[in-house]
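Please construct the entire structure, taking both the sequences and the accompanying hints into account.
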Amino acid sequence: MRVVRILPNLPVADVSAAKGFYTDFLGLSTEAFNLGWVARYTSSDPDVAVQLVSGDATAPEDSVISVQVDDVDGAYAEAQRLGYDIVHPLTTEPWGVRRFFVRAPDGNVINVAAHRS
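In full-length UniProt numbering, the protein residues as written are 1 to 117.
No lab work stands behind these hints: they were computed from the structure. A hint or two may mislead.
Now the in silico label distances, taken between C-beta atoms and shown as ranges [stated by the list, open to error]:
id : residue 1 : residue 2 : range
1  : E78       : F21       : 32 to 42 angstroms
2  : L82       : T23       : 31 to 41 angstroms
3  : A77       : A17       : 38 to 48 angstroms
4  : R2        : I86       : 15 to 25 angstroms
5  : D73       : I6        : 33 to 43 angstroms
6  : T58       : R81       : 19 to 29 angstroms
7  : L82       : S44       : 31 to 41 angstroms
8  : G83       : E31       : 30 to 40 angstroms
9  : D45       : H115      : 14 to 24 angstroms
10 : A17       : R81       : 33 to 43 angstroms
11 : F25       : I86       : 29 to 39 angstroms
12 : I86       : I6        : 31 to 41 angstroms
Below are the SDA-like pairs computed for lysine to any residue, each with C-alpha atoms no more than 20 angstroms apart in a straight line [claimed, not checked]:
id : residue 1 : residue 2
13 : K19       : D45
14 : K19       : V64
15 : K19       : L35
16 : K19       : S43
17 : K19       : V3
18 : K19       : A57
19 : K19       : V4
20 : K19       : G55
For each residue, glycine too, the CB sits at the ideal point set by N, CA and C.
Written as structure tokens, this is what we have:
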């Protein structure tokens, strides 16, 4: 497994209400996507990004970061082999992301995902 990108997932009460601060004040003016409960905002540099999350629509817990990998099935198998707590099983979500949530030994919940090619 190779990590492709890591994004912070900031908890917010309301994505729409929080958007202005991140877009107007911080200048993250590109809305990469918005599902209502999660949205990603970037600058002209796609490596500068943040995700706002008001509550995950399909997982039982929210994650603190999203880690995009090149082989999510391999990552899932490795997490299981190592005995890590799988919070949300490997799932292909309706919006096209294949992901699972794993709890790190420190308690943080990590969203491990791969996007459709």
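Hints the structure fails to honour: 5, 12, 17 and 19
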